[in-house]
Amino acid sequence: MSAPAPDDGELVAALRRGDPDALDAIYDRYRARLFSFLARLSANRPLAEDLLQETFIRLAKSGRDLAPDTRLAAWLFATGRNLYVDHRRRTLLDFDRLRDLFLWPGTPVRVEETPFDLARAGEAGRRMELALSSVPEVHREALLLIGVEGLSPAEAARVTGVPDATMRKRWQRGREILAEVLKHG
Amino acid sequence: MDDDRLDDALRALPAHDVEAWRREHVRTLARRALARRALARPVVTRWRRTYRRWVEPAFLFAFCTAHLAWTFAATAAVLL
Numbered sequence: 001m002s003a004p005a006p007d008d009g010e011l012v013a014a015l016r017r018g019d020p021d022a023l024d025a026i027y028d029r030y031r032a033r034l035f036s037f038l039a040r041l042s043a044n045r046p047l048a049e050d051l052l053q054e055t056f057i058r059l060a061k062s063g064r065d066l067a068p069d070t071r072l073a074a075w076l077f078a079t080g081r082n083l084y085v086d087h088r089r090r091t092l093l094d095f096d097r098l099r100d101l102f103l104w105p106g107t108p109v110r111v112e113e114t115p116f117d118l119a120r121a122g123e124a125g126r127r128m129e130l131a132l133s134s135v136p137e138v139h140r141e142a143l144l145l146i147g148v149e150g151l152s153p154a155e156a157a158r159v160t161g162v163p164d165a166t167m168r169k170r171w172q173r174g175r176e177i178l179a180e181v182l183k184h185g
Numbered sequence: 001m002d003d004d005r006l007d008d009a010l011r012a013l014p015a016h017d018v019e020a021w022r023r024e025h026v027r028t029l030a031r032r033a034l035a036r037r038a039l040a041r042p043v044v045t046r047w048r049r050t051y052r053r054w055v056e057p058a059f060l061f062a063f064c065t066a067h068l069a070w071t072f073a074a075t076a077a078v079l080l
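Heads up: the protein sequence lines correspond to chains B and H, in order. In this text, residue positions in the first sequence follow the working numbering: the first is 1, and each later residue adds one. In this text, residue positions in the second sequence follow the working numbering: the first is 1, and each later residue adds one.
Extracted from the complex, chain B is given alone in its bound form (with noise of 0.2 Å):
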């Protein structure tokens, strides 16, 4: 009989002492989870790949340093979120950009799925991820990290840094909007 998965807070203690079996439990535990927010909340599969990568060697080099209660979940989606926010204000003034948000505001964007993502889905995973692509990014972000990842309100308010209430009424709107794009589209 194997030995029963350690708790984050085991793998955590772990990762302070530099045990490089920690960090690939870790990765095991949590990387699809966090490559499916980013590639959601980017609707870009390359860029999504990158910041999973970036996420994950930042917490090897800051593992060491991480506060014995951390909560993993959160401050892995808290460190590809911001990653992600910060390549979005690097590349706002491109070109493509620009033109894309003034020549055709309010085009769904879609990720770009792999033959195999398409086989399992299904129609109504696949209604479902179109019509979360339309849904605007603050309210997308609080979707998936409440909806889809079972994260809490609050601890989702952390990951995002918006008080508490902001983050209920983005959760609130965001499941409206969606709604409405089910129906109508």
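Hints in this document: simulated from the structure, not taken from any laboratory. Fair warning: this is a prediction, and the values are worked out from it, not measured in the lab. Among the hints, a few may not be true.
[Unchecked claim] Sample of chain H residues facing chain B (criterion: CB under 7 Å; computed from the structure):
1) Leu10
2) His16
3) Asp17
4) Val26
5) Ala30
6) Arg31
7) Ala38
All C-beta atoms, glycine included, are put in the ideal place defined by N, C-alpha and C.
Go by the hints and put chain H onto chain B.
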């Protein structure tokens, strides 16, 4: 669609993952970063900690006090 069905549909969204080669590439980079960080970490011995906390300030204090005394003595020699 009511809120409960919407929440269920969101929870049921499948997780995407990166391709296998990329998965291992990122794992290798992260492990390397962890190992490098371990090497770069300075070793703080007990003697070094004691030196930084007590011996170094004591030397500095003694030097500053002696310099101050010398300054007063030199000023007094000029004035008196």
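How the hints compare with the structure:
| no. | hint | in the structure |
| --- | --- | --- |
| 1 | Leu10 | 4 Å, holds |
| 2 | His16 | 5 Å, holds |
| 3 | Asp17 | 4 Å, holds |
| 4 | Val26 | 5 Å, holds |
| 5 | Ala30 | 4 Å, holds |
| 6 | Arg31 | 5 Å, holds |
| 7 | Ala38 | 5 Å, holds |
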